[in-house]
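Undergrad: Chain residues, written in single-letter form:
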Amino acid sequence: MRAARRLLVSVPGRELQKIRLGSSVFPAEQLPDDGISPALRDAVRLVLHHSSEWEQPALLVARPEIFPGGETLSWLQNRIPGATTHVSISDGSAVKLIPGLKNHVFFYSFGNGLDENVLKTLVRRTSRQLGALRSQWNSAYALRFEGKNVSLPTTALAGCYNSRAPDRALFKLFLDKGNIPDSMETISTIPAVDPARLNSYSPITYVTLTHSLLAAERFRSVLGKVILEHFFDESSALVFALPEADFKREGVTPSLEAFLAAARDTTFPIPKLVANNIFLSFGELSEAALGALDVPVMLWSSDDTALWRHPPSYYERFESIRIYFRRGLMREKQFHEMAAILLGREFELRPLGFPAASQ
Amino acid sequence: MTNVKPALAIEIGPMLEDIWTGIPVFTRRLISALTQDGRLDLRFVHNCIEIPMDAVRSAMALGAGSFLRERYEQLTMSERRILDLSTPVLYPSTKSNLGGIYAREASTVHDLSTLVMPENHVEANVAYHMDHFEDELESNELTFAISQSTDAALQSAFPNTAGRTQLLYQYVDWPDEFEVLDRNSPTIDIGRYAVVIGTVEPRKNLTLLIDALSHPDIAASEIKFVIIGKRGWLVDSFLQDIPEHLRGRLIFSGFVSDFIKYRLIKAAEFMIFPSMYEGFGIPALEAMSLGKPVMAAMTSSFPEVIGEGGIYFDPFSVTEFAEAFAEIVSPGRAAELAAKALKQSSIFNPPRMAAPVVEWVCSG
Numbered sequence: 001m002r003a004a005r006r007l008l009v010s011v012p013g014r015e016l017q018k019i020r021l022g023s024s025v026f027p028a029e030q031l032p033d034d035g036i037s038p039a040l041r042d043a044v045r046l047v048l049h050h051s052s053e054w055e056q057p058a059l060l061v062a063r064p065e066i067f068p069g070g071e072t073l074s075w076l077q078n079r080i081p082g083a084t085t086h087v088s089i090s091d092g093s094a095v096k097l098i099p100g101l102k103n104h105v106f107f108y109s110f111g112n113g114l115d116e117n118v119l120k121t122l123v124r125r126t127s128r129q130l131g132a133l134r135s136q137w138n139s140a141y142a143l144r145f146e147g148k149n150v151s152l153p154t155t156a157l158a159g160c161y162n163s164r165a166p167d168r169a170l171f172k173l174f175l176d177k178g179n180i181p182d183s184m185e186t187i188s189t190i191p192a193v194d195p196a197r198l199n200s201y202s203p204i205t206y207v208t209l210t211h212s213l214l215a216a217e218r219f220r221s222v223l224g225k226v227i228l229e230h231f232f233d234e235s236s237a238l239v240f241a242l243p244e245a246d247f248k249r250e251g252v253t254p255s256l257e258a259f260l261a262a263a264r265d266t267t268f269p270i271p272k273l274v275a276n277n278i279f280l281s282f283g284e285l286s287e288a289a290l291g292a293l294d295v296p297v298m299l300w301s302s303d304d305t306a307l308w309r310h311p312p313s314y315y316e317r318f319e320s321i322r323i324y325f326r327r328g329l330m331r332e333k334q335f336h337e338m339a340a341i342l343l344g345r346e347f348e349l350r351p352l353g354f355p356a357a358s359q
Numbered sequence: 001m002t003n004v005k006p007a008l009a010i011e012i013g014p015m016l017e018d019i020w021t022g023i024p025v026f027t028r029r030l031i032s033a034l035t036q037d038g039r040l041d042l043r044f045v046h047n048c049i050e051i052p053m054d055a056v057r058s059a060m061a062l063g064a065g066s067f068l069r070e071r072y073e074q075l076t077m078s079e080r081r082i083l084d085l086s087t088p089v090l091y092p093s094t095k096s097n098l099g100g101i102y103a104r105e106a107s108t109v110h111d112l113s114t115l116v117m118p119e120n121h122v123e124a125n126v127a128y129h130m131d132h133f134e135d136e137l138e139s140n141e142l143t144f145a146i147s148q149s150t151d152a153a154l155q156s157a158f159p160n161t162a163g164r165t166q167l168l169y170q171y172v173d174w175p176d177e178f179e180v181l182d183r184n185s186p187t188i189d190i191g192r193y194a195v196v197i198g199t200v201e202p203r204k205n206l207t208l209l210i211d212a213l214s215h216p217d218i219a220a221s222e223i224k225f226v227i228i229g230k231r232g233w234l235v236d237s238f239l240q241d242i243p244e245h246l247r248g249r250l251i252f253s254g255f256v257s258d259f260i261k262y263r264l265i266k267a268a269e270f271m272i273f274p275s276m277y278e279g280f281g282i283p284a285l286e287a288m289s290l291g292k293p294v295m296a297a298m299t300s301s302f303p304e305v306i307g308e309g310g311i312y313f314d315p316f317s318v319t320e321f322a323e324a325f326a327e328i329v330s331p332g333r334a335a336e337l338a339a340k341a342l343k344q345s346s347i348f349n350p351p352r353m354a355a356p357v358v359e360w361v362c363s364g
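Chains as they are written, first to last, in the working numbering: chain A, 1 to 359; chain B, 1 to 364.
These are computed hints drawn from the structure, not numbers from a lab. Cβ coordinates follow ideal geometry from the N, Cα and C atoms, glycine included. Check each hint, because a few of them may be wrong.
[To be verified] Straight-line alpha carbon distances no greater than 20 Å define the calculated EDC-like cross-link-like pairs of lysine to aspartate or glutamate that follow:
# : chain 1 : residue 1 : chain 2 : residue 2
1 : A       : K18       : B       : D241
2 : A       : K272      : A       : E257
3 : B       : K340      : A       : E71
4 : A       : K120      : B       : D135
5 : A       : K120      : B       : D241
[Stated by the list, open to error] Taking CB as the label site, the calculated pair distances span:
# : chain 1 : residue 1 : chain 2 : residue 2 : range
6 : A       : V150      : B       : S330      : 41 to 47 Å
7 : B       : E323      : A       : G35       : 52 to 58 Å
8 : A       : G35       : B       : E327      : 53 to 59 Å
I would like the entire structure built from these sequences, with the hints used as guidance.
TA: Take a look at the structure:
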């Protein structure tokens, strides 16, 4: 009798360092939430959801790299009957392959400039290994291989759960271009605002930021312009969701600092005033906060945002969606097709152009 | 007619280290094996300069590289000879340059942990090993891998090496005098114990043993665990979670000389090697050469090195660890495994190490 088909899942070794596992192979739903990053937790949940739809129960292989061949690989194969496909959920520092299986990669933690640089380094070091992959899940990176950009096909897996963003207060923007530390201090001392207050503005532009986007020179002009426009139109509101803390950047300070530095570096003047209609949120707004808004909300996001962390139903609420696209890293057409599936609706893809040579 | 032996130069960079462990010892074994084989005209080179044979032989007798390094640095200009570029050159480890200097080059890959387990290394170390690795492989006529496991990992990450790799198995060469010295030394009086390899790095997986101490079968046993190597911070944090009386079952030796290591292994009942990843795992072979079976994690190179001379367990499973422990301490099974361990260790010998190198040199 043939064994039921199974999907194998592996995760970065650094995510397992705080966890005690009982076995090299176990049902993926048994991966404990505590000790792993929220982004990995969401990625595993997404994979579990789709593996269930495909009727391929997911098994987690803790360290596929320790079974490279010979008897160790046979030992592993005996414990994974029916497995034909493996997805390496990767932070970009390593991509794991299991010999004999169809291997895919899911870059789950991007949106952090560091991770993209890590991936570029990995591609430079082992481009041929990545050439053995069948597809990339929920990304559209162009991989440089033997002197040319090679497109690894994209498998788009629409989100199925909303990321568990907690309720967050909003902070008003204040920027003294000449003094970032003082600006941060001022922001922290101004009383925080309840997100429900946003209903007194219309429309609302809700901008989800990533470290990579903030580091993109071409985005800084967009940032400066939209901030300045809102200083002159107090009927509308601008809400920036700052990048979440992660393994490499603990706490909220690095996110705020990166945001203020990006806004400082625009050519647009920013009045040295507390903005009453420009707000900062340390992470995305909660589902409850967004659901409570009954005014038009426009979403601005970017190509490195984990769009898969929300289901298409989440995106229905927005009046419009604009995705900023950083040229050079991803394939535009491939990204567009993927985003259409993840968002489940029409959206505007706005290229940011190539970075300046000095960048 | 004189029968001219084909020449081979060994890049002896690793032997310039003060203290020889790991790759310098591997290099010493390689030179010894090729010397015993006798079919090649051996030369030694570092950074393109030929190193006098007597300097290398002296360092091998001493087992340390400080005098060799001094000799290399003090070579006068008239003594410095550039190695003939047509001489085949074998690097016992990764190349310290991009390669492609000599007409025929081969280098040796010990493991790919910097590539497959980057979280266990600092980035500078990963960069040192990986930044030019693809170029290094390209410049090789042949790449030696120290185990099938390393070869498989290599070919998975760099598929273009397929058909251009060869195994280079090392062996154990305890000094002859150790046996006599041990016989004339006081008995190690700590009761029944197993030697354990690995403490400092997370990939050495000592935490599995610490977790297993609380397992009823292991807690009830009288076996102690002598851990060879430094006690890492990770170990300290895990030790806090286990009862005081179980903590006393662990004895940390710290860094020990080869002779003390020999004595500790010889007096042990068996070896435990819980590491998650090894390029070869020479301590397992050292134990087997002294008739000690090995309880090892089912990972990387262990099955090909240990063969039937040991028992395996899932590196994450306390249950499987305890089952393997129960098997290895049972008297009948222990004796059976000891005999197999000794036999298995004998298949790793100098002629086997020399053969693929000689074959490569003579194929050109």
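Undergrad: Could you tell me which of the hints above the structure violates, numbers in ascending order?
TA: Those not satisfied are hints 5, 6, 7, 8.
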